[in-house]
Structure formats: structure tokens, C-alpha cells
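Q: Sequence:
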Amino acid sequence: MSHGSATVVVMATPAFTAASDALNIAIPIMPDPSQRAVIELDDAASAAVIGAPGSGKTSTLIELVADRVLARGWSPESVLVLSATRSSATRLRDAIAERLAVPTLGPLARTANSVAFQVLRDAAVRSGDEAPRLLTGAEQDMIIAELIEGQAADGTGESWPAPLDIDLRRLAGFRSELRDLLMRVEEYGISAESLRQLGIAHGHPEWAAAAEFMTVYRRVLAFY
Numbered sequence: 020m021s022h023g024s025a026t027v028v029v030m031a032t033p034a035f036t037a038a039s040d041a042l043n044i045a046i047p048i049m050p051d052p053s054q055r056a057v058i059e060l061d062d063a064a065s066a067a068v069i070g071a072p073g074s075g076k077t078s079t080l081i082e083l084v085a086d087r088v089l090a091r092g093w094s095p096e097s098v099l100v101l102s103a104t105r106s107s108a109t110r111l112r113d114a115i116a117e118r119l120a121v122p123t124l125g126p127l128a129r130t131a132n133s134v135a136f137q138v139l140r141d142a143a144v145r146s147g148d149e150a151p152r153l154l155t156g157a158e159q160d161m162i163i164a165e166l167i168e169g170q171a172a173d174g175t176g177e178s179w180p181a182p183l184d185i186d187l188r189r190l191a192g193f194r195s196e197l198r199d200l201l202m203r204v205e206e207y208g209i210s211a212e213s214l215r216q217l218g219i220a221h222g223h224p225e226w227a228a229a230a231e232f233m234t235v236y237r238r239v240l241a242f243y
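At the far end of the sequence shown sits residue 243, using our numbering, and the numbering has no gaps.
Hints should not be assumed to be uniformly reliable.
In silico SDA-like links for lysine to any residue, alpha-carbon gap of 25 Å or less [said to hold, decoys possible]: (1) Lys76 x Pro50; (2) Lys76 x Ala64; (3) Lys76 x Ala56; (4) Lys76 x Asp51; (5) Lys76 x Thr109; (6) Lys76 x Asp61; (7) Lys76 x Glu96; (8) Lys76 x Ala116; (9) Lys76 x Ser106; (10) Lys76 x Leu101; (11) Lys76 x Ala131; (12) Lys76 x Ser94; (13) Lys76 x Pro95; (14) Lys76 x Ile58; (15) Lys76 x Asp86; (16) Lys76 x Ala120; (17) Lys76 x Leu89; (18) Lys76 x Ser53; (19) Lys76 x Ser97; (20) Lys76 x Arg91; (21) Lys76 x Ile48; (22) Lys76 x Thr130; (23) Lys76 x Val121; (24) Lys76 x Arg105; (25) Lys76 x Ser107; (26) Lys76 x Ala63.
DEER-style ranges, computed between Cβ atoms [as the list claims (entries may be wrong)]: (27) Val121 x Ala63: 22 to 28 Å; (28) Glu96 x Ala143: 19 to 25 Å; (29) Ala143 x Asp186: 40 to 46 Å; (30) Leu89 x Gly156: 36 to 42 Å; (31) Leu154 x His221: 25 to 31 Å; (32) Leu89 x Arg140: 29 to 35 Å; (33) Leu89 x Asp51: 18 to 24 Å.
I should point out that these hints are in silico values taken from the structure, not numbers from a laboratory. We treat Cβ as the ideally placed atom computed from N, Cα and C, and that holds for glycine.
Generate coordinates for the entire structure from the input sequences, incorporating the hints supplied.
A: Right, dumping it as C-alpha cells:
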């Protein structure tokens, strides 16, 4: 962690233990020696805090943020807590806001995906490009389901090998795995043609079928 112009990023687990059960409002804790050791870390220190669920890691995290802002005078905008899921980030954001009780310019707890999208959007704005739009997993699943149904209805599209018939391709599990494959292909910059060739070379006809599907999928995404 460092202070000044740099942002302090703290990783959080999905567990949430620093709240009143009745009011769901974060309250100050009386830290034990191990928690105090984390909270009192130097500004330039880095640390990995390990503990079982319910051991107080999230409580310690909230108090660490409170210490930096309320005791050490850090700007709230210099602290960012990353959480694994949107629901846990929301709970952390509310808990930190209640604990600090000071104005902030934005949420202090977010998911890594949210931060990454913000970086891309800011870069697009600075370069004069159109800002990207973030598709949720549910939206991607809906598009894939509609494409599967449309191609089944008109008899077009990719030729999936057995046993990947239309009944199996309608299953949510298949759509989820296909979506993951498409995301990994995008991540590694693999073209549809390259994926098709890989499928042929390695004896995976399902990759070749997915490559054909990916071509149509990318074309549809251009309209979103």
C-alpha cells in the first residue's frame, strides 16, 4: 500500500462480518492483537491476511479503511476495496460508508470487473472513441439462447457433433460453457478461423462448430 497520488487497493473476501445483525450497519470493533497488527501497518506496507470464514477479516478490512481515512487523513478517493462479487461489494460499500460517515465522490468498494470496465471506458473517452457497453452474463446468455433457437428453427448455422444435439444445446449448462469458451477466445485474441483450424488439427469438431457460432455471435454483438 502507498499513500499520495496512488490508489490503495485492498482485496476483500465475499464474507461480511462487520455489521450489526439487526440493522446491517457497520460498527467499530475492538480489534484483537492480530487485527490491530493489520490496521497499524505502515502506509507503504503490503500484507496478505489469511483467516477462516467468520474470523474477522472483513471487520479488520473496514477498520483498516477507517483508520486510513479518519485517523491518518487520507482522502477517501485514495482507497479502493475490491470484492469478489457484486453483492459482497454492495454490502462492503454500505458498511464502509456507515463506518466513515464522511462524504465521498464514489463507492469505495467495487468488483474487479467494475474497475476494469471503468478503466476501459475512461480510456475510450480520452481517445474520443465511443464508450464501451458492459454486457452482463444474463444478457450474453439470452443472446446465445436466441441464436441457438433461431438456427434450430431455420436449419442454418453450425453443425455440432454428437452428442451436442439441439436438446443439449438448449440447456443452461451448455450455454454457460459456450459463453466461457467465447470469452476465453476473445481474451487470447483467437480468431474464429484460428479456432476452426485448431478444432480440425486436434480432432475437436465442437471447436470448429463453436467457431462458426462465434462468427454469428460477434456480428450480433455489434448491434448492442
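Q: For every hint, state whether the structure bears it out.
A: Hint by hint, here is what the structure shows:
no. : hint                        : result
1   : Lys76 x Pro50               : holds (11 Å)
2   : Lys76 x Ala64               : holds (17 Å)
3   : Lys76 x Ala56               : holds (12 Å)
4   : Lys76 x Asp51               : holds (11 Å)
5   : Lys76 x Thr109              : holds (17 Å)
6   : Lys76 x Asp61               : holds (18 Å)
7   : Lys76 x Glu96               : holds (22 Å)
8   : Lys76 x Ala116              : holds (18 Å)
9   : Lys76 x Ser106              : holds (17 Å)
10  : Lys76 x Leu101              : holds (14 Å)
11  : Lys76 x Ala131              : holds (19 Å)
12  : Lys76 x Ser94               : holds (23 Å)
13  : Lys76 x Pro95               : holds (20 Å)
14  : Lys76 x Ile58               : holds (11 Å)
15  : Lys76 x Asp86               : holds (15 Å)
16  : Lys76 x Ala120              : holds (21 Å)
17  : Lys76 x Leu89               : holds (20 Å)
18  : Lys76 x Ser53               : holds (10 Å)
19  : Lys76 x Ser97               : holds (21 Å)
20  : Lys76 x Arg91               : holds (21 Å)
21  : Lys76 x Ile48               : holds (12 Å)
22  : Lys76 x Thr130              : holds (17 Å)
23  : Lys76 x Val121              : holds (23 Å)
24  : Lys76 x Arg105              : holds (18 Å)
25  : Lys76 x Ser107              : holds (14 Å)
26  : Lys76 x Ala63               : holds (20 Å)
27  : Val121 x Ala63: 22 to 28 Å  : holds (24 Å)
28  : Glu96 x Ala143: 19 to 25 Å  : holds (22 Å)
29  : Ala143 x Asp186: 40 to 46 Å : holds (41 Å)
30  : Leu89 x Gly156: 36 to 42 Å  : holds (37 Å)
31  : Leu154 x His221: 25 to 31 Å : holds (29 Å)
32  : Leu89 x Arg140: 29 to 35 Å  : holds (31 Å)
33  : Leu89 x Asp51: 18 to 24 Å   : holds (20 Å)
Of the numbered hints listed earlier, not one is contradicted by the structure.
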